[in-house]
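J.: One letter stands for each residue in the lines below.
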Amino acid sequence: MPALREKVIFEYSRPGRGARDQWPEDVAPASPLPEALRRKSPPLLPEVGELEAVRHFTRLSQQNFSIDTHFYPLGSCTMKYNPKACNQYAMLPEFLGRHPLAPESHGQGVLACLFELQEMLKEVTGMRGVSLSPMAGAHGEFAGVAMIRAYHRARGDLARNEIIVPQAAHGTNPATATMCGCSVREIPVAADGDIDIDALTAAVGANTAGIMLTNPSTLGIFERRIEEVARIVHAAGGLLYYDGANLNAILGKVRPGDMGFDVIHMNLHKTFSTPHGGGGPGAGAVGVSTRLAPFLPIPIVGRDADRYRWLAENDLPQSIGRLSAFMGNVGVLLRAYIYMRMLGRTGMSEVGEYATLNANYLLAQLKQAGFEAAYPKRRASHEFIITLKREARELGVTAMDFAKRLLDYGFHAPTTYFPLIVPECLLIEPTETESPQILDAFAAAMTAIAREAREAPEYLKSAPHNMPVRRLDDVRAAKQLDLTWKPTAQT
Amino acid sequence: MSAIPTDLRYTKSHEWLRDLPDGSVEIGITEHAQHELGDLVFVEVPEVGRLLSAGEACAVVESVKAASDVYCPLAGEVTAGNPALAASPELVNQDPFGRGWLLRLRPAGAVTRTFLSAAEYAALTAADNS
Amino acid sequence: MAFIPHTEPEVAAMLAAIGVSSIDELFDEIPPSLRVRSLDGIPAALNEMQIGRLMSARAQSDGRPLAFIGAGAYEHHIPAAVWALTTRGEFYSAYTPYQAEASQGTLQVIYEYQTMIASLTGMEVANASLYDGASALAEAALMAVRANRKSQSQRVLMPTSVHPHYRKVAITAAGNQAVSFEAVPFSPEEGRTPLTALAPFDGQDVTALVIQQPNFFGVLEDVDALTDWARARNILVIACVNPTSLAVLRPPGEWGAAGADIVVGEGQPLGVPLASGGPYFGFMTTRMAHVRQMPGRIVGRTVDLAGCDGFTLTLQAREQHIRRARATSNICTNQGLLVTAATIYMSLMGPAGLARVAAVSHARTSELVAALTRLPAVRMGFASPYFHESVLRLDRPVAPVLRALADRGILGGFDLAEHYPELGHALLVCATETKTSADIERYASAFADVMKAARAA
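Residue numbers (my numbering), protein chains in the order written: chain A, 1 to 491; chain B, 1001 to 1130; chain C, 2001 to 2457.
Excised from the complex, chain A in its bound form:
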């Protein structure tokens, strides 16, 4: 990592400088803009040359950890390799240059890809209908819960407004329920990690719209009694929603539709390897059983004989509606399509198998090194939880300290402090694209850090030491808000 800190780009600006060969040639307008509406002073944008800009952003990129440079075992995020082929072929000029409102006659190629993607996603999830339009996982969740609500209301069952959520659920689940005008009821998880069936039975009733679950759960273990959960919720009149964040564990091995789920969202940027991009874009395709198909968000790709076309308001009059201005994140969808075609029939199950193999292997290595698994008697799925509560109690070092020190060893930290119900936890997901040598190196780093916890705890607690910055002051960031660069303060 370069030691030099990079200035904010505005500090390179010189008045009148610019990348002039990027500007179009000046043309006088046939009808000028009204004077009263014209901007009086220019906006604060950099005035730099092209080489300056290229150097600046290249140097900034070199301060990032990324999958291309580092092992990134973030639980629940599925940081697997993003194949370059997916990017190259999604960015062919004809795909890139096509306007969203171009006619279908000039889009049969891209529509064929999207239609086939819908079909493949149905097949791997065991669902009957798919919409590709949600633009992120949370967006897909919103669509899913909105469809559940629309289903009940269409049947005249207006009392069903409660969504059940396990305590270990991802924060988007209850937030989504609220956004859909539902109330949330949390139920506990039993000591062995499965849902508390008695608590579930007591919680369901005439107000139950549905339950939001993921399987494997956020604890990294398979919900063994899922068929019973489905029976209980369906018998009470509710529907089952599957949060697809952990689909990588079971891809090609188990299908959510077969487990009894009525609606699922998939994170194409996790399971299907589209790029995380420093925070997005994602794509949160939703799949549904037959009874929810009329409510799918539009538009969807349909096929008449050998012609593809968009299905919209007239084709799905009960749809929950549009979620985006156009068709969703088509560029992301193309990348997922290419990835799935490269995996093919056997590749799908290899993903589930090797993701699970890597997780169980890494768990075994860490247990042997003396770390405590949160659910030691259970198989890991594609991820598992290590709890550092003993180290915290005996040595005063926290999961946060381990996470920061791992950066010094050249590994991105696992997910920390999620799920909330396990104290001082690390949620570790290696993914299937990592070799066993990387996993051994990670286990060795964790072992070294555990030794540092005993021998040099102060050094550990002030980690990281080898990164472009030391540990950052979060409290100050929230109290003294500095959210935009200002010329007078810095120059």
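Hints are computed from structural coordinates only; laboratory data are not their basis.
C-beta: ideal position from N, C-alpha, C; glycine also.
Treat each hint with caution, since some may be false.
[What the hints assert, rightly or not] Chain B is faced by these chain A residues, among others (derived, beta-carbon under 7 angstroms):
(1) Asp474
(2) Val475
(3) Ala478
(4) Lys479
Since chain A is already given, all that's left is putting chains B and C on it; use the hints.
T.: Same frame as chain A, now just chains B and C:
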């Protein structure tokens, strides 16, 4: 950890109440609550004149980790919100029972709820901690 | 095996270390009745060469027609450096910057972006982006409801000159939280929202007013009068704007006497390719007073243990993963990759370059309008000032004309029949700086041919 003041009353959701000489009631959050939240970065208090019912969310305390609503223990009209907290939310951490008070209100009508004594609240938090 | 590196001896060693005899055994907690036998519906795997051929053939069949469509997505020249840098693995395959010390690159890009977009819109603070312009508008409505303490009605006034898909998305996204959107009609002669259309709402409890500038028709609204009307009545103003236009038009922060309250819009014109509709990004900016009501991620500058400057995500207590059921929104993603591209684009273009793009786009549209209205079958839709998009009225239905033009490799514009039947045979056309006079001449002459052919038929 400071002792729990005996001249105050408490709620299960970690608020305290202090009777002021002019008949109004001063409200804040306890030492236990501020410790759970961590360093506060922002506190929002209600505006003067606002009418609150018992159990209504009347303030927000926000740390880096969590943002929590503070529930008004009793109904009344707000006579003051602590003006120092806009610039110095950390007062709630430093002196939760004193300079970190959140609001004062004039109670409306008879108060039917019973609150916890210092001893009862101490027992509650001891149980929480174990 | 796609992208899986393991060799057989390695697998055997790993299984031994775990203490099982096969990978299959690792799935023994899963009820056998649930196990998939085979996915017959998935085709056999393709290697990279094969998928390359397939995608190239499909791209070729879609071709590259000459396009004059706007309607919310705009074709602009994107400098080669933008995506060469954005697709660097360190940007492309990085995660959300939760571990700030390992993400200073991404965080600083977002901080620079926040600075640029806040200034472009004339506001004080920005978030790190939302999914797209339409969902940003929906989020703005929800934010206005939270922020406007003086209003309880949760009613948002939405002119019908706002993009029809944006209006639909707002209802889908916010309708479940008891926010109601009420239509404000535009003037059929001028194509913009007159103050008289707001008069019925005078004296009522209204939470916010949306103003799109330029509006869906490309027409310039009287933003000062509309903004002042709203502010005088404690109604928050939500501006929905085109970012390129802000290089030459007065930004929402300077509308009327006191400016707008929340600004949103579609960021696609800033270095993001059309790509059949996405991924794009929605921007949102506001005043400092409302920053805690703003959804999405925000990057702040702070110091580290050694006193050196650094960047981190801040105000996260508002976000879903901390406030859970009381979140301001459920949004988890920001469009990081697109924001990176836009920041690089804005850095390369600078204020003068972006103003030039805006001016030339407007000039080309006015050139196109002049060329087409020379034909007897075509006249101006509205007698109002416009920016880089305009409505034309034809003497016959638009759809067959567009089909005939498409057969000639030209996408002539967007047919308004479905969304605005009251305008008759109306076509929304757009030309940006990517079109030359020769392109416009080609369009006009093809148009003339199509008209003649139809008349002869």
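J.: Next step is simple, just say for each hint if it's right about the structure.
T.: To see whether the hints hold, each was checked on the structure:
1. Look at Asp474 of chain A: its Cβ gets to within about 4 angstroms of chain B, closer than 7 angstroms, so that hint holds up.
2. The beta carbon of Val475 of chain A is positioned within 7 angstroms of a beta carbon in chain B (closest approach about 5 angstroms), and the interface hint is therefore held.
3. The interface hint given for Ala478 of chain A is met, as the beta carbon of that residue sits about 4 angstroms from the closest beta carbon of chain B, less than 7 angstroms.
4. For Lys479 of chain A, the shortest C-beta to C-beta distance to chain B is roughly 5 angstroms, which falls under 7 angstroms, so the interface hint holds.
Every hint, counting from the list given before, is met by this structure.
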